[in-house]
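Residue numbers 33 to 296, in my numbering, belong to the letters of the sequence shown in order.
Please keep in mind that the hints were generated in silico from the structure rather than gathered at the bench. Please read all numbers here as calculations on a predicted model, not as lab measurements. C-beta atoms are modelled at their ideal positions from N, C-alpha and C, and glycine is treated no differently. One or more hints might be untrue.
[As the list claims (entries may be wrong)] Across the chosen pairs, the derived CB separations fall in these ranges:
1) Glu258 - Pro138: 18 to 24 Å
2) Thr249 - Ala101: 39 to 45 Å
3) Ala230 - Ala104: 17 to 23 Å
4) Val263 - Leu105: 33 to 39 Å
[Stated by the list, open to error] 16 Å max Cα-Cα, derived EDC-like pairs, lysine to aspartate or glutamate:
5) Lys238 - Glu258
6) Lys238 - Asp264
7) Lys77 - Glu109
8) Lys77 - Asp97
9) Lys238 - Asp173
10) Lys238 - Glu266
11) Lys238 - Glu214
12) Lys238 - Asp262
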Amino acid sequence: MTSAHTQFQSAFATALYAGGGIADPAVQALVAQPAFAVYRNTVMKGCVDSLEANFPAVAQLVGSDWFRAAAALHVAEGPPRDGRLVNYGSAFPGFLASFEPASDLPYLAGVARLDAMWSEAHVAADAAPLDAAWFARHEPDALARLVLTPHPAARWAWFHDQPVFTIWQRNRTDGNAADMTELIWRGEGALITRPLDAIQSCAISKAACAFLDACATGLPLADAAERALDVDPEADLAALLEGLLRAGAFARPPIHSAMEERTP
């Protein structure tokens, strides 16, 4: 691709999403055509529609008009780079975190983050979930050395001082905005998984988030447990692991890996 072609494409994209300030004569000629405005509006509407579909809990919280106005600004700043708009919006939570009109909704960026995590889980690779029976096939003294791999669709986060998961869940699943007066304002963790065909979500503790973080870095079970206890010395590790297994947070290892782990 020539430099001139690249410059034309860049100028065209700027005119399409941001408008104005275009120096390229060829693009200026296109922008002057009445049909360009129609095309631009169609493209912008498609991007905003996609964001509204990808962030339903946020839209439910703020209302469609507010959401679409904010989304249009975000599209102008960061248009999609992938034609698969189901993947669009990874930067939207960060945009909302610094968006002045949302300053009185400090939990909004967290809710957007959970919406984005849901979309990521939806399109993630399939994998068989790990279950408790897998542990039963290992000798007790070998358990500490096991490395648990988070499921490809598993997403988790801890939100300090705000019940973000509860707010998200009510607005995502109930279809009615949460009554903020009924909420207990404390930190919450969230886990979103898709162990089989359907996406699941549940609240998890800070210790569970630390445990998953450790597993994601490849630490063995004993070290991951230590990280969880560093966060909460009173954490019930057996209950923590049982809950994560039940949620499908881990992927079953390949058969050859499991055989190697059982080899003395």
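Checklist entry - Is Lys77 within 16 Å of Asp97, Cα to Cα? => result 13 Å, holds
Next on the checklist: Given a hint of 33 to 39 Å, does the C-beta separation of Val263 and Leu105 actually sit inside it?
Outcome noted: 37 Å, holds
Checklist entry - Is it true that the C-beta distance of Ala230 to Ala104 lies inside 17 to 23 Å, as the hint says? => result This hint is violated: roughly 32 Å between Cβ atoms.
Checklist entry - Would the pair Lys238 and Asp264 pass a check requiring their Cα atoms to be no farther apart than 16 Å? => result 8 Å, holds
Next on the checklist: What's the verdict on Lys238 and Asp173, does the C-alpha distance respect the 16 Å limit or exceed it?
Outcome noted: Since the Cα atoms of Lys238 and Asp173 sit roughly 27 Å apart, the hinted pair is violated (cutoff 16 Å).
Checklist entry - Does the structure keep Lys238 and Glu266 at a Cα separation of 16 Å or less? => result Between Lys238 and Glu266 the Cα gap is close to 12 Å, so the pair holds against 16 Å.
Checklist entry - Are Lys238 and Asp262 close enough, with their CA atoms no more than 16 Å apart? => result 10 Å, holds
Checklist entry - Taking 39 to 45 Å as the hint, is the beta-carbon distance of Thr249 and Ala101 inside that range? => result 40 Å, holds
Item to check | Range hint 18 to 24 Å (beta carbons of Glu258 and Pro138) holds or violated | outcome: 32 Å, violated
Next on the checklist: Holds or violated: Lys238 and Glu258, Cα atoms, limit 16 Å.
Outcome noted: Between Lys238 and Glu258 the Cα gap is close to 13 Å, so the pair holds against 16 Å.
Item to check | 16 Å limit on alpha-carbon distance, applied to hinted pair Lys238 and Glu214 | outcome: Status violated; Cα separation ~22 Å.
Checklist entry - Are Lys77 and Glu109 close enough, with their CA atoms no more than 16 Å apart? => result Holds: Lys77 and Glu109 sit about 15 Å apart, inside 16 Å.
Hint compliance for this structure: hints 1, 3, 9, 11 are not met, and every other hint is.
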